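Peer 1: Work out the full structure, taking the sequences as your base and the hints as a guide.
Chains as they are written, first to last, in our numbering: chain A, 1 to 97; chain B, 1 to 109.
It is possible that part of the hints are untrue.
[Unchecked claim] Think about it this way: if two alpha-carbon atoms lie no more than 35 angstroms apart in a straight line, the pair counts; the simulated DSBU-like pairs of lysine-lysine are: (1) LYS84(B) to LYS84(A); (2) LYS94(B) to LYS84(B); (3) LYS84(A) to LYS92(B); (4) LYS94(B) to LYS84(A).
[Said to hold, decoys possible] Derived DEER-like restraints, expressed as beta-carbon distance ranges: (5) LYS94(B) to ARG76(A): 21 to 29 angstroms; (6) PRO24(A) to LEU7(B): 37 to 45 angstroms; (7) VAL21(B) to LYS84(A): 24 to 32 angstroms; (8) ASP58(A) to ARG25(B): 31 to 39 angstroms; (9) ILE65(B) to LYS84(A): 37 to 45 angstroms.
Note that these hints are calculated values from the structure, not bench results. This one's a predicted model, so the numbers in the text were calculated from it and none came from an experiment. The beta carbon of each residue, even a glycine, is placed where N, CA and C say it ideally should be.
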Amino acid sequence: MLIAATIAILVVMIMAITRGIVGPTLYDRILAVNMFGTKTVLLISILGFVMGRPEFLDIAIVYALINFVSVIAVLRHSDASIFKTPQSVEKETEKNS
Amino acid sequence: MNISSALFLLVGSFLCISGGVGILRFPDFYTRMHAVGVTETLATAMILIGLMLQNPDGIVVLKLIIILLMTLFISPTASHALAKAAMHNELKPKLDQPEDNEKVKSSNP
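Peer 2: Dropping the structure here:
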C-alpha cells in the first residue's frame, strides 16, 4: 500500500506541474507550486518508510517550512506591477470581445 | 493494525488524486484553489495518520505529529494569503454565461 500511495502522489505531482506550466494567470502557478511542495513533503515521508529509513522525516519538516516561507515571500511582493499585468491584458481582451 | 494503516493510506491517495483532477479540470482560479485547498489538508492528515499506524516508534510518531500540525497550520494560511492577494489585485471569478447576459440586459436600459 505504501508503493500505491507513492505512485498516486507522483501522478498528482505531474498534474500540478502541468497546471503550473499551462496556468493562464500568475496565481495559478503559485497555487501549483504550493500544491507541489505539499505533495513533496508527503512523498519524502512515504519514501522514508518504503526504504526503511524514517530519518527522512527531518528533511520533510524542513521542506514544509521552506514551502510556506517561499509562498509567503512571493506573495509579499503582490503589490508589484507584474502581478497586475495579466489582469490588464485580460481586461483589454474582454473589452475587445 | 496493518489493515487500518492501508485504509488510511488508500483514502489519502484518493483525496490526493481528486485534488489533482480538480486542479487540472476546473475552469477558474478560485474553483481550482477550492479543489486544492480543501483536499490538501485532509489528504495530508490521512496519509500521515496512516504512516503513524505503520511504525509505532516513539520519536518517529513525534516527528509525524510535528509534520501534521505544521501542515494543518500552514496550508490554510497559504491558501488564505493567495486568495487575498488575488482578490486585492482584482482577479475576477468566471461567472455563468446566462447571468452575465442578464446583467448586460439589465444594465443597458
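Peer 1: Find the hints from earlier in the document that the structure breaks and name them by number, from lowest to highest.
Peer 2: none
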